[in-house]
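Engineer: If you read the protein sequences in the order shown, they are chains V and G. Straight run, no breaks: the first sequence in the working numbering ends on number 1423. Straight run, no breaks: the second sequence in the working numbering ends on number 153.
Rather than coming from a laboratory, the hints here were simulated on the basis of the structure. Just so it is clear, CB atoms sit at the ideal spot from N, CA and C, and this is done for glycine as well. Careful, some of the hints might be misleading.
[Said to hold, decoys possible] Listed below are several chain V residues computed to face chain G (Cβ distance under 7 Å; list not exhaustive):
hint : residue
1    : Gln1245
2    : Gln1253
3    : Ala1257
4    : Glu1269
5    : Ala1272
6    : Phe1274
7    : Asp1292
8    : Gly1294
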Amino acid sequence: MATSVPKILVVEHEQIAVADLERNLTSLGYRVGRVAATGNEAVKVMGEFFPDLVLINLQLQGGLDGLATAGEIRRRRQVPVIYTTADANDERCGRARSNGPFGLLVKPFGTHQLYATISMALHQQELLRQETESRNLLSAILKSTQDGVIATDAAGKVRFVSSAAEKITGWQKMEAAGKFIEDVYPLLDSDRQPLRQHLVRRALDTGVAQEKRRLVLVCRDGREVLVEDAAVPLRDAQGEISGALTVFCDITERIRMEQFQMEERERLEEALDTTRAELRGVIGRGITVMEEERRRVARELHDDLGQRIAFLQFEAERMQQYALAPEVHAGLRRFAEEAAKFSSALRDLSHRLHPSILEDLGLLAALRSLVEDYRRQGLDVTLSAGELSGLESLDVRTNVYRITQEALRNTWKHAPGAAVHVRLLEENRHLQLTIEDTGPGFDVGRARAEGGLGLLSMQERARFVGGSLLLSSHPDGGTTLAVRVPLSPQA
Amino acid sequence: MKRLRVMLAEDHPLIREVIQRLLAEEYELAGTVERGDQLLPEALRVRPDIIVLDVSMPGLSGLQALPGLRAELPECCLIVLTVQGSALYRREAFQRGADGFVVKGRAFTDLLPAVEDALEAKMEREKRRA
């Protein structure tokens, strides 16, 4: 309703009636904005004055009568019109009632009657305005949404088709109206079989909203479109089911996109797997090449240089028997001693490069020797072993040995005071190496992230020989490394 | 008295040369091989009293050859000669049937006494058995 005092246009040719009305209306809180004595004048006034309500004498004189004037006015503006009449028997009263719902006042009428009629008319006008507004809003929403909307009556006959629905189905609203929903909007399930019961029909039958489902819509031209569809029953003021509404959207593009993304993801994962496998291969070859190169150099040192030094020491000792001068004798002895030290240093170097003990004496002996070395340095480390077949391949031997070496190096570096136990077992043609220490634990994830190259190389060595490695560390203390590898990578 | 016959298994020529010369002072050189896998067949043919063998050799290591030699030639005196002086190798050699263990660099002073000791110990054992 207008916020200010409602403005009223009075169309009346009788001066006395105008004065009466003006007085009464003012006393009721309304304002007579304009007065027109004839219909033509009233129509003219409408061009510059916008009343909230018009009061018209039905028996208006001078050209247009009351009905004709109201018609002209309402053609220009949706404004409520109330007729006044001196003759209740005028045949126009009937027409006035039928074409204007806002009221007919028979003279003489009292102030109360006037007030009731006007406020009723203004109220009705307001309701009408609100209804028009919400209808416009609904229509704007339906126009703008990409979702198709089809409404049916209680029998399932189409009552409304939104423009998006027209576009998707190929049916125009006018052609579809009155047809059964199953004919305008036929649905198939994902196996291209007709639905046993249409979603709309089910909503009508059960009175329950049907949740969104992916279905296939057969368009008017026979084309099949993937849709996502939901249906809700509509109820009237009494709660009776008066129809149903189905809301749907064309998801062909979305599905295609999803499919594409899925395929893309699969392709990427495949590529990633390939890259991973290639990387593993490269790392594996790296390990092999490195070990072979180390072994070759170690062999060279041992097999040739080592023998030559031994020869020099041998000869220095042999020559001592011919050395008559004490200086020469002492010199030769010194020479022999240095050759012995050289030989020992060479052996250590060769051993660090590649422990030939692995080939000569086997894995357990090599681990024993390694553990002995650390014990001599001061680490509290022990070794125990189950029954071993010694059938593991040299690759397995080398890598299990290297992992142990790395693990002991880590403990010695980070927890030299810890007690360490190394255990080697064989079962089901697998070697099982466990290294436990009592040192202060650490965050494995962080150690790995912070460039734990040693960790990574242990992992890769285990993987390279077809095994697995598990490192667990407790922040309160204690770290366990568990390695399980088949005796030979092929096994 | 007839000189004892010795066989040498050694792949490095320098070492072979000096050890042959050293052994020849006391024993009759009955044969030399340069590969571990030639050792047993040659020893079975030559039947030496003493074998001085290197650990690291092509074909078969001295340590690997030991058990076979011990089994086939129970009377033969087996002396391991190596640059690997570690206690692990020494223990392993004796476990596999060696009678003596000498580090190459010390061979000039240690080899002949080691052979002597091993021969004596063998004789002692035989006497006790007899």
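Engineer: Hint by hint, say whether it matches the structure.
Structural biologist: Now for the hints, and whether the structure bears them out:
{"no.": "1", "hint": "Gln1245", "result": "4 Å, holds"}
{"no.": "2", "hint": "Gln1253", "result": "9 Å, violated"}
{"no.": "3", "hint": "Ala1257", "result": "20 Å, violated"}
{"no.": "4", "hint": "Glu1269", "result": "10 Å, violated"}
{"no.": "5", "hint": "Ala1272", "result": "5 Å, holds"}
{"no.": "6", "hint": "Phe1274", "result": "9 Å, violated"}
{"no.": "7", "hint": "Asp1292", "result": "6 Å, holds"}
{"no.": "8", "hint": "Gly1294", "result": "9 Å, violated"}
Hints 2, 3, 4, 6, 8, counting from the list given before, are not met by this structure.
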